[in-house]
Every structure is written in structure tokens, then in C-alpha cells.
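S.K.: Next come the chains, spelled out residue by residue.
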Amino acid sequence: MTQYFEVVDRDGPARLGELRITPPVTTPATVDDVLEDYGSLWTDEHATPEEDDVGGVAVLPHRAMPSGTPEEILEAMQETHGDVDLDVATAAVTSVDAPEASGHDMHVLTGLREGDSRRVVEAALDCRRSLAPDSALYLPGVAAPANVATLAYLGFDCFDSDYAAVHGRGGSYMTTDGEVAVEKLDELPCCCTVCRDSSPDDLSPEEVAEHNVFALEAELSRVRSKIADGRLRDYVEGQCRSERWQVEVLRLLDEEETYLERRTPVARTTEMDCNVSESMDRIEVQRFAERVIERYTAPRSDACVLLPCSAGKPYSLSRSHSEFREAIAGRAHEVIVTSPLAVVPRGLENVYPAAHYDVPVTGRWTPTEQEFVEDVLTRYLELNRYEDVYVHLPEDYRPFVESACSSADVEPSFTCRDDEHPRDDEALERLRTSLDGLQTSGRQRERRWYARAVADHQFGEDSWDSLDDLRIQGQMPRIRVMQDDRQLAALTEYGSLALTLEGVEAFEPPDVEIEPFVPEGSVLAPGVVDADDSIRVADEVLFEGEECRGVGRAEMGGREMRDSSRGVAVSVRHLDDSV
Amino acid sequence: METHAAVNDAMRRIRSRKERDADPEEPIRVWIDRDRTPDGVGDSLTIVFNTDGCRWARAGGCTMCGYVGESNPGAVDTESLLNQLEHALEHERTERDDECPIVKMYTSGTFFDRREIPPEARHRILDSFRDRRVVVESLPDFVETDVVEDAVDRVRDLDVAIGLETADDHVRRECVNKYFDYQEFVRAAEVADDAGAGVKSYLLMKPPFVTEKEALEDAVYSVRESAEHSHTVSVNPCNIQRYTLVDRQHYRDGYRPPWLWTVVEMLKRTADEDAIVVSHPVAPGGDRGAHNCGECDDDVYDAIQAYNETGDASILEEPDCSCREQWMELLERERSWHAPLA
Numbered sequence: 019m020t021q022y023f024e025v026v027d028r029d030g031p032a033r034l035g036e037l038r039i040t041p042p043v044t045t046p047a048t049v050d051d052v053l054e055d056y057g058s059l060w061t062d063e064h065a066t067p068e069e070d071d072v073g074g075v076a077v078l079p080h081r082a083m084p085s086g087t088p089e090e091i092l093e094a095m096q097e098t099h100g101d102v103d104l105d106v107a108t109a110a111v112t113s114v115d116a117p118e119a120s121g122h123d124m125h126v127l128t129g130l131r132e133g134d135s136r137r138v139v140e141a142a143l144d145c146r147r148s149l150a151p152d153s154a155l156y157l158p159g160v161a162a163p164a165n166v167a168t169l170a171y172l173g174f175d176c177f178d179s180d181y182a183a184v185h186g187r188g189g190s191y192m193t194t195d196g197e198v199a200v201e202k203l204d205e206l207p208c209c210c211t212v213c214r215d216s217s218p219d220d221l222s223p224e225e226v227a228e229h230n231v232f233a234l235e236a237e238l239s240r241v242r243s244k245i246a247d248g249r250l251r252d253y254v255e256g257q258c259r260s261e262r263w264q265v266e267v268l269r270l271l272d273e274e275e276t277y278l279e280r281r282t283p284v285a286r287t288t289e290m291d292c293n294v295s296e297s298m299d300r301i302e303v304q305r306f307a308e309r310v311i312e313r314y315t316a317p318r319s320d321a322c323v324l325l326p327c328s329a330g331k332p333y334s335l336s337r338s339h340s341e342f343r344e345a346i347a348g349r350a351h352e353v354i355v356t357s358p359l360a361v362v363p364r365g366l367e368n369v370y371p372a373a374h375y376d377v378p379v380t381g382r383w384t385p386t387e388q389e390f391v392e393d394v395l396t397r398y399l400e401l402n403r404y405e406d407v408y409v410h411l412p413e414d415y416r417p418f419v420e421s422a423c424s425s426a427d428v429e430p431s432f433t434c435r436d437d438e439h440p441r442d443d444e445a446l447e448r449l450r451t452s453l454d455g456l457q458t459s460g461r462q463r464e465r466r467w468y469a470r471a472v473a474d475h476q477f478g479e480d481s482w483d484s485l486d487d488l489r490i491q492g493q494m495p496r497i498r499v500m501q502d503d504r505q506l507a508a509l510t511e512y513g514s515l516a517l518t519l520e521g522v523e524a525f526e527p528p529d530v531e532i533e534p535f536v537p538e539g540s541v542l543a544p545g546v547v548d549a550d551d552s553i554r555v556a557d558e559v560l561f562e563g564e565e566c567r568g569v570g571r572a573e574m575g576g577r578e579m580r581d582s583s584r585g586v587a588v589s590v591r592h593l594d595d596s597v
Numbered sequence: 008m009e010t011h012a013a014v015n016d017a018m019r020r021i022r023s024r025k026e027r028d029a030d031p032e033e034p035i036r037v038w039i040d041r042d043r044t045p046d047g048v049g050d051s052l053t054i055v056f057n058t059d060g061c062r063w064a065r066a067g068g069c070t071m072c073g074y075v076g077e078s079n080p081g082a083v084d085t086e087s088l089l090n091q092l093e094h095a096l097e098h099e100r101t102e103r104d105d106e107c108p109i110v111k112m113y114t115s116g117t118f119f120d121r122r123e124i125p126p127e128a129r130h131r132i133l134d135s136f137r138d139r140r141v142v143v144e145s146l147p148d149f150v151e152t153d154v155v156e157d158a159v160d161r162v163r164d165l166d167v168a169i170g171l172e173t174a175d176d177h178v179r180r181e182c183v184n185k186y187f188d189y190q191e192f193v194r195a196a197e198v199a200d201d202a203g204a205g206v207k208s209y210l211l212m213k214p215p216f217v218t219e220k221e222a223l224e225d226a227v228y229s230v231r232e233s234a235e236h237s238h239t240v241s242v243n244p245c246n247i248q249r250y251t252l253v254d255r256q257h258y259r260d261g262y263r264p265p266w267l268w269t270v271v272e273m274l275k276r277t278a279d280e281d282a283i284v285v286s287h288p289v290a291p292g293g294d295r296g297a298h299n300c301g302e303c304d305d306d307v308y309d310a311i312q313a314y315n316e317t318g319d320a321s322i323l324e325e326p327d328c329s330c331r332e333q334w335m336e337l338l339e340r341e342r343s344w345h346a347p348l349a
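Going line by line, the protein sequences match chains A and B. Position in the first sequence counted from 1, then plus 18, gives you the numbering used here. Position in the second sequence counted from 1, then plus 7, gives you the numbering used here.
These are calculated hints, taken from the structure and not from any lab test. Take the hints with a grain of salt, since some may be wrong.
[Said to hold, decoys possible] Here are the simulated EDC-like pairs of lysine to aspartate or glutamate, each with C-alpha atoms no more than 16 Å apart in a straight line:
# : chain 1 : residue 1 : chain 2 : residue 2
1 : A       : Lys331    : A       : Glu341
2 : B       : Lys220    : A       : Asp55
3 : B       : Lys25     : B       : Glu106
4 : B       : Lys220    : A       : Asp62
5 : B       : Lys275    : B       : Glu302
6 : B       : Lys275    : B       : Glu324
Kindly produce the complete structure, drawing on both the sequences and the hints.
M.R.: Right under this line is the structure:
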């Protein structure tokens with residue numbers, strides 16, 4: 019059971035953790051200064067330490083397995099100290115090729131060398147699968163300013179300054195864009211205390227090492243704040259470009275959908291930049307498209323208008339969309355076509371990440387973008403049959419929208435000519451008159467559709483079916499779902515519905531079984547008896563125990579709730595302790 | 008001393024992939040070396056006989072040793088061994104006009120093991136070198152009074168060379184996977200000494216699973232200990248031989264042969280020993296042998312060779328290179344969980 023490490027925040031696979039020693043260490047961080055090595059069993063006999071002797075993290079006597087050690091030896095001879103339970107922070111050394119679970123606060127991972135993308139990704143996955151979720155993973159001997167963001171994104175928590183220092187003293191000068199022999203530099207691209215007022219010729223080997231460690235610590239500081247902001251992925255998409263193998267890591271990791279999907283929040287307020295081709299592969303993007311296809315049902319079938327996205331989010335608040343909405347006047351279903359989210363029906367425009375993403379717009383679509391949007395739009399139009407489809411999109415959308423319509427056997431009407439912009443008066447006028455004769459939806463109905471879209475997206479298809487007597491109160495997007503005079507749910511700033519205890523009955527969120535106690539503010543992981551596998555960070559969950567039931571927001575995934583011995587599992591929203 | 012079944016299993020599996028195809032009529036290698044002995048420096052005819060190899064290696068064997076892979080699949084008879092001897096003598100005759108004063112004979116196993124070299128062959132081989140200093144290699148358990156006395160009688164000077172590898176029983180068992188303990192070496196050294204033979208100790212610098220710093224300390228300690236029982240200590244920096252555990256680790260960047268700086272440091276720190284301390288790195292400067300940064304390897308190796316011949320420690324102070332800084336940082340920082348760090 020881990021006592022001295024706690025995951026306090028998550029950003030995809032990356033975590034912000036606290037190593038609870040004196041003074042505490044916030045990870046991702048270098049930990050070489052706080053480790054106490056109790057010895058290699060390869061070279062001598064060593065006893066496990068006495069509790070009173072340990073100040074930092076005790077690395078228990080170990081048999082480290084270097085890369086390439088034969089499997090017979092890995093399987094038979096690792097020393098994991100699974101039965102040692104000391105009341106101090108402890109670490110066990112284990113190989114990434116055969117990670118052996120033990121209850122220690124940290125695992126020191128051996129056998130991994132920098133630069134082999136496939137092995138690095140496999141190691142991260144294997145270790146996070148096999149070792150307790152609230153144990154810190156220390157990847158020794160590889161961290162450098164250029165790679166530590168990617169390594170933290172993979173899910174490693176602890177590093178050291180040894181690679182940076184040893185190679186620095188050998189003359190290798192490191193920055194976030196890589197390493198170079200110091201004598202090859204004309205000037206120092208850094209203003210740390212070592213480099214300021216110095217020059218490449220004047221730096222001693224010790225000073226190069228010192229600079230490297232500064233650069234590494236600065237990058238780790240940046241990584242920690244990116245995780246806290248929920249922006250590490252955005253950062254890594256750019257930072258990984260410094261070395262080929264890191265780009266490979268990102269691409270290979272994106273193929274590991276299960277690993278990433280379990281760890282990606284379903285809602286948050288964080289912005290999301292989609293600036294590179296890998297942004298298309300983000301779980302947020304894939305999951306949104308999947309839920310549009312699998313969970314969303316268009317609220318009307320007479321007509322829809324395909325609209326371009328706007329730079330401002332949510333779309334409705336942009337000038338262009340208020341012009342479109344004014345022209346449409348509630349007479350057709352509005353569906354936004356965009357990269358990389360593909361298809362955003364109006365009712366989902368506040369849902370994460372539809373209101374949060376940003377994407378470079380040049381009027382030129384990459385083949386990957388076109389292919390993805392075309393595929394999702396085709397499936398959407400096949401599942402949601404409209405009598406009429408109006409395409410109010412600029413020329414650059416035309417090729418793939420036409421082929422999507424054709425694949426879905428839809429004959430669209432184009433309301434924006436090739437030489438027009440959708441906001442041009444002529445185009446807007448054409449859109450307006452094309453819809454003549456169609457029924458206006460009405461404000462209450464539109465709000466209801468809106469709430470239903472969000473509920474289906476969040477709780478699954480047809481979450482709403484039996485709820486004919488529901489009413490919507492409030493102004494968009496701050497709406498509340500009411501049944502008689504009881505509130506069931508409210509739309510949050512996250513773009514998702516927050517449930518009341520009454521809402522639990524109606525929407526049936528996934529549940530968490532807890533020990534017989536009444537939580538105050540949050541349910542902690544050790545109080546969790548069981549939790550649904552499907553739970554993701556930011557999901558609404560029902561928690562129930564012998565002494566209370568309540569509803570709250572998941573702060574970790576379902577598996578992690580079950581397997582962790584520290585940390586907040588659920589933030590309580592409403593509680594009933596009268597059961 | 009019990010070695011680990013898992014290590015032996017691994018070693019047997021690794022070795023099983025090598026097909027042995029040696030010609031029993033020729034020695035594995037013959038060359039002329041130069042060695043410092045208690046009589047001074049001289050050329051040495053060095054012969055590696057092809058036998059059926061080390062008995063211990065068949066059971067698993069040492070983690071760095073690939074010599075068994077070069078040995079003959081079956082027993083080699085006396086006639087073939089004498090053909091190998093003739094081949095070696097012919098090599099000496101073509102290389103030089105006079106005889107080398109020293110002869111070193113290896114079998115990749117044990118010269119005194121009668122299964123490797125039958126007594127008749129052993130006698131005929133030793134008799135052909137009666138006026139020279141002869142060095143033969145043996146595991147300690149084959150060093151018995153009657154056999155050594157017999158050999159001592161047949162040549163001018165006999166040295167028994169024992170592959171102790173390290174004076175630390177724990178490291179020898181866990182990292183080298185060699186089965187005998189230090190006391191067995193001491194017993195063999197005393198038997199050899201009592202029988203009138205000299206003792207030469209072979210040590211291994213940096214077996215797998217140890218850091219550069221541990222390798223240095225272990226070598227220095229082992230030189231000091233074994234110098235009590237031998238007139239010459241030869242420290243072999245581990246090199247990468249095929250079909251070995253270190254080869255597997257090296258291929259996956261999990262092992263690096265020692266730095267030449269570590270060899271230099273070990274020689275400096277043992278220069279005051281009474282015994283002759285030498286080191287002959289195999290494949291120096293290369294990825295598979297002891298090496299530094301690539302820039303200074305030749306100079307540092309030359310200094311080591313010069314020290315081997317003269318014992319003059321001031322030679323070891325001469326070479327310098329910026330990579331020595333990196334090596335010093337490495338000694339400070341490397342831990343077994345992230346070795347090799349550089």
C-alpha cells in the first residue's frame with residue numbers, strides 16, 4: 019500500500035504527484051537528491067533499512083536488470099520486497115521487461131535506454147498496467163531538457179539529473195531542442211546563471227553540466243504547470259519535434275487507444291490547440307466523433323444546414339453564426355462541419371472539446387483532415403436522414419462534402435456559391451429563401467433538444483427517452499433540467515450536465531460502491547469498494563454505501579479508484595445520509 | 008559455492024545457439040606476445056589449444072566467457088594435440104630466428120584437466136619447452152601436488168595461471184557466475200607454490216551488473232588480495248565475446264566495457280604492490296573492448312602498454328582528455344539501476 023506518494027492531478031496519462039517526504043516533492047521532478055540507495059545485491063549482501071535511518075525515499079536492496087538481461091534471470095532473480103512494509107517512503111527496483119508489482123511508493127525502472135520509441139511506449143504501458151496506479155514511476159538515467167516533457171506525458175513521474183550532468187561534463191550542451199557539443203556553439207542560447215555573461219569557450223565541463231541541470235529543472239517546471247493547466251498534450255505535440263524518436267513515441271502512443279482513453283477526461287474547461295497532424299488522433303477528437311455517431315440523434319428530420327465553424331467558441335456566440343442563425347431562424351437543424359471534430363450538431367457546441375478547440379484555418383485541408391471529416395459526415399448523414407440537406411459552406415469544403423453526401427445517398431442543395439463567402443449577403447439571402455415554408459422550432463423545444471443532445475452525449479444514446487415530462491429552465495447555455503418542480507440536472511461550464519440526486523434516477527450514471535461512511539467534500543480512494551470500469555475523469559457518478567448515497571464528479575478513472583490507496587476519487591456534489 | 012540455476016539456464020540457452028566447428032588439428036590461435044615476468048620482459052609464444060573446452064562452461068559457465076564456443080565439440084586426442092603443438096612451433100619458426108623465452112598455453116579451460124589434455128600429450132607438450140618459462144592456465148580444483156610437481160620438473164620455470172576474476176566471493180558468484188570461492192584459489196596457490204611453481208592471477212574488470220565505480224573498487228581490492236598469493240596479477244578488462252550474457256546486454260545497450268580511464272586508475276592505485284600488475288585490454292578503443300571517447304583511446308592504451316612493460320607509474324599520469332571529466336562524473340553518479348550511464 020503506498021503511503022508516501024499521491025496523484026493529485028491528471029492530464030491524460032501524465033500526473034501531478036506529491037512525494038510526501040520532508041520537504042515534499044511535486045512530480046514530475048528529478049529525485050536523485052532524495053533517494054537513499056540501500057545497495058545492489060549483485061555486489062554484496064544488504065539488509066533492508068530500519069525505519070529510523072531513512073530520510074528521503076529508501077531504495078530497498080535491489081538486483082537491477084540492465085537492458086538485454088536474459089528472461090530466465092529477470093523472472094527468477096528480481097528483488098521486489100513485496101512483503102516489506104516499512105513506515106517510510108520506499109522504492110523497489112524492477113525491470114520494465116518484467117515489472118513486478120509491490121506495494122512501494124515508487125518503482126525504479128531498469129532496462130530502458132533512451133531513443134528506442136517502441137520500447138519506451140511499451141515500457142510505459144506495461145508498467146502502468148502492472149504496477150499500482152498510485153506508485154510513482156521513476157525512469158532513471160535518460161531525462162534531458164528536450165525529452166522530459168514527452169516522457170512525463172507517457173506517464174513517468176520521476177527522473178534524475180544524471181544523464182544531463184554526466185554528458186554535460188563530457189561537453190554536451192543541452193536545451194529543449196536537443197544537445198550539441200559546446201565547442202560547436204558560437205554563442206550560448208541561454209541566460210541561466212551559468213550562461214549569462216559567459217561564452218562557449220569560457221564554460222568549464224562542470225559549468226556545462228550545471229547549465230544542463232538548470233535547463234532540465236526549468237523544463238520540468240514547465241511540464242508541471244502544463245499538467246496543472248491540462249495543456250501538456252498541446253505542448254508535447256510541439257516539443258516532441260526536437261527529436262525523431264519522440265515524434266514516433268507520440269504516434270505509437272496514439273495507437274494505444276485503450277491506455278489513453280482510460281486516462282482522458284470526458285469534460286474540462288481547458289482549451290485545446292489542434293495545430294499538428296497528431297492533433298487529429300487525440301482521444302478527445304476521436305471520442306467526440308464516435309459519440310456523435312453512436313449516441314446522437316438529430317431532433318428533426320425535415321431539413322438541416324451544414325455550416326462552417328467559427329474561430330470564436332461556442333459557435334453561437336460568434337458574429338458569423340449569429341448571422342447564420344438569423345437567416346435560418348429555427349427552420350432547420352444546424353450542423354457544423356469542422357476540422358478536426360468533423361461534425362458538431364448545434365446541440366453539442368458547448369460539449370468538451372467543441373467549445374474548447376482551436377485549429378489553424380487556411381482554406382486548405384490536408385488529405386487526412388478531408389478523409390476524417392468526410393468519413394464522419396458520411397456516417398452521420400446515413401444515420402440521420404433529412405428530407406433536405408442545405409450546404410452553406412465555402413468552396414474549400416466542397417470536394418469532401420459532396421462525396422460524403424453522395425456516399426450517404428443524399429442530394430444536397432448548395433446555398434453558397436463557389437465564388438461566395440457564407441457570410442456574403444447574397445449567400446445569406448439564398449439560405450434564407452431556401453428554407454421558406456419550413457417550420458420554426460420554437461425556443462423551448464430548441465432548449466430541450468439542446469439538453470437532450472448533451473445528455474445523450476454524456477450518458478449514452480436514448481438517455482432521455484422515458485423523460486417526456488421534463489422541462490428546461492434558464493437561458494442558454496445556463497439551463498436546468500426540471501421534472502415537476504424538482505431540478506434533475508444543470509449544464510456546467512464544462513459543457514456537461516451536473517446531476518442532482520433526483521437526476522440520478524433519471525439518467526443512471528455509472529456507480530461507485532463505497533465503504534459504510536459519510537464523506538465530507540470528497541470520496542477518497544481507500545473508501546472505494548468497487549467502481550465501474552467505464553468511469554473516466556469528469557464523469558458524473560453515483561456513489562453508494564451503507565450509510566449514504568450521493569452524486570459527484572469523478573476525479574480518477576474507475577480502475578484507478580479500485581486500485582489506489584490514496585487520492586480523491588470523487589468530488590461530492592450532493593449527498594443524502596438519511597439512508 | 009552454489010551459483011544461480013537461472014543464470015546457468017540462461018547461459019546454456021545463449022550458448023546453445025552457437026554451432027561449434029573448430030578444426031582439432033590446428034590450435035585456435037597462436038601469436039607472439041610480450042610479457043613482464045619475474046625475470047624481466049620478454050617475448051612469449053602464446054598458444055590457445057583446441058580441446059573440448061571448459062567443463063564449467065558446459066554447465067552454464069561464466070557470464071563474460073565465449074571461449075567455449077570456439078572449442079571442439081568432442082574430445083581431442085593426443086595425436087591431434089601434438090599436431091596443434093607442431094603448428095604453433097612452426098609459427099614461431101616463421102616469425103623469428105630464436106625461441107621465445109616464455110610460452111603461455113591456454114585451452115579455454117584447464118591445462119591440467121586430463122579430459123581436455125591427456126597426460127601423454129601434456130608431458131610431450133611440456134617437454135618441448137624444457138628451457139623456457141611456461142605459463143599454463145587452470146581452474147583451481149585441478150591444481151594438485153603430483154600434477155604440478157611433474158610439470159615443474161619438465162620445464163625451466165612453471166607458472167600456474169588461475170582465473171580468479173575477483174577476490175570478492177559475492178561478485179564472483181553473482182556477477183561472474185563462477186563456482187569456486189576465494190579459499191579454493193588460496194589452496195591452489197599454496198599447492199603450486201609448495202610444488203615450486205609460480206602463480207599468476209587473472210582478474211576480470213567489470214563483470215556484468217556492476218557500475219563503473221564498483222568495477223574499479225572491485226579490481227583494486229582484488230589486485231591487493233591476490234597479490235598476496237601471486238607474483239603476477241593480470242587484470243582483464245571485460246570485452247564482449249559472442250554467445251555470452253554480456254553480449255546480450257551490450258547489444259541492448261545494457262552493458263558497456265570498462266573505460267580505459269578505469270584501467271589506468273586501477274594500475275595507479277596498485278602500483279605500490281609487490282606483485283607485477285599488468286592489464287592487456289582486448290579490442291582496446293573499440294565498442295566491444297575497454298574504451299574511452301574515441302579521441303584518446305590510442306594514447307591511453309599506449310600508456311597502459313608502456314606501463315605493462317616497465318612498471319613505471321609516472322607513464323600513467325601522461326595521457327589526458329576532456330572525456331576524463333565525464334568519466335569522473337560517471338563514477339560519482341552511476342547507480343546499478345541506470346548503468347551504463349555513459
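S.K.: Are the hints correct? Go through all of them and say.
M.R.: We went through each hint and held it up to the structure:
1. Of the supplied pair hints, the one linking Lys331 of chain A and Glu341 of chain A holds, its CA atoms being roughly 15 Å apart against a limit of 16 Å.
2. Our distance criterion of 16 Å between C-alpha atoms is met by Lys220 of chain B and Asp55 of chain A, whose separation comes to about 15 Å.
3. The hinted pair formed by Lys25 of chain B and Glu106 of chain B fails the criterion: a straight-line CA distance of about 37 Å is larger than 16 Å.
4. For the hint linking Lys220 of chain B to Asp62 of chain A, the alpha-carbon distance of about 14 Å falls within 16 Å, and the restraint holds.
5. Taking the CA atoms of Lys275 of chain B and Glu302 of chain B, the gap is near 22 Å; set against the 16 Å cutoff, the hint is violated.
6. Distance hint between Lys275 of chain B and Glu324 of chain B is fulfilled; the C-alpha atoms sit about 9 Å from each other, no more than 16 Å.
Going through the hint list in order, the structure does not satisfy hints 3, 5.
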